[in-house]
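One line per chain: the protein sequences are A and B, in this order.
For the first sequence, our numbering gives the first residue as 1, with consecutive numbering after it.
For the second sequence, our numbering gives the first residue as 1, with consecutive numbering after it.
There could be a bad hint or two in this list.
Claimed, not checked - With the C-beta cut set under 8 Å, the calculated list includes, among others, these residues of chain A facing chain B:
#, residue
1, L40
2, Q80
3, S138
4, A139
No lab work stands behind these hints, which were simulated from the structure alone.
Using N, Cα and C, we set each Cβ at its ideal position, and we do this for glycine too.
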Amino acid sequence: MSALRSGIYTIPMVAGFVAFSLIAGFGVSYTGYYLPFMYLGSSALIAGSALLTTINPASRTASVLGYEILIGLGGGAGIQQAYLVAQVVLSTPDVAIGLAIIVLAQTLGGTVLLSVASSALNDGLGNAESGHNVSSISAAIVNTYYLAIAGGVCSILSLLLIKLRSIKPDAKASN
Amino acid sequence: MLAHAVPLERRPIFSAIIDGGYSVASSCGPLLGGAITSRLSWRWCFLVNTPPGALCVLAIFLAYEDRYIPAGRSDRLTAQIARLDLVATLLFAITVTCLVLPLQWGGSTFQWSSAQVIVLFVLFGVFLAIFVAHQLWRGDAAMLPPRIGQNKEMIGAAVYAFFVGGTANILEYYVSNMCTQISKVANRPPHRFHYGSRMSGP
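If we strip away everything but chain A, and leave its shape as in the complex, we get (with noise of 0.2 Å):
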């Protein structure tokens, strides 16, 4: 049941990412730029995650839903562009492994990152010394929203040093 229920808590969040990595593809097709998209998923990731760390066992369902929607909008107008960033810098031959560097990133964050989660959480938990009620676990789980706005905030500064490219032939041509 547990797998279940979380699926379907997670739902406006997929739906989210789902639904903005589309309207991030057109509009990085459209426009030509993806470095303002990977600023807007930032923000949108520490917003989120801000606004999340009110939330607790008495809060509307809807602003829990409005704050997972601003993080589909986070995950999903960004981590593409990442992608992208290494088929326009690197030259041709080197493009597979900067595809491969980028999986790697991101799969490596999500598996440091929820280690160190997990850890921050527990900390969290050892600190109730009133017993494990729902109010101390979701304090606990408010740590890890304050981990995820440290994550936001790291990943809008590694973007300082990615420049402004378009990905348009005639605009790559006058660079």
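Could you slot chain B onto chain A? The hints should help.
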């Protein structure tokens, strides 16, 4: 494949479709898996993957034309295996294990100050140093050639993917976890998390 089949300016749309399909599938997967396991048996969770896999192979076989061949490289099998850089792969796997394992153990399975956790962190540093040294020594033949590893924009993109991927993972995992926890609260007002209360059985 996409990079070979579609010109750069139209690629974002197609990669969005692929990634969107992937995320729909990965969120439907557990639902379907749960249903299959409770109705049939867990063995079917694995068997059910074979027909789509076979379809993929068939589709690639019929529709995909591999046009690009890397120029000026030896195609002998031994040379190709040598290019794989198995030592680096092994070193990297050990390094990541030495990082993730103590992060997971710290504060729960073992204390942060326990010997297991500290030794693993030290080993992580040692293996990371060996890995970097090995990569520098291999030069252009390395798993991560310097011409790519020193490209600032590539570093930016990789760091970005690390943090956005990681952050999205944390949120996906813990938001659903939190909703499950909160839906267990018995005396909450009916309009709050009502879609959870319908799901939570006895």
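> Which of the listed hints are broken here?
Replying inline: 1 and 4
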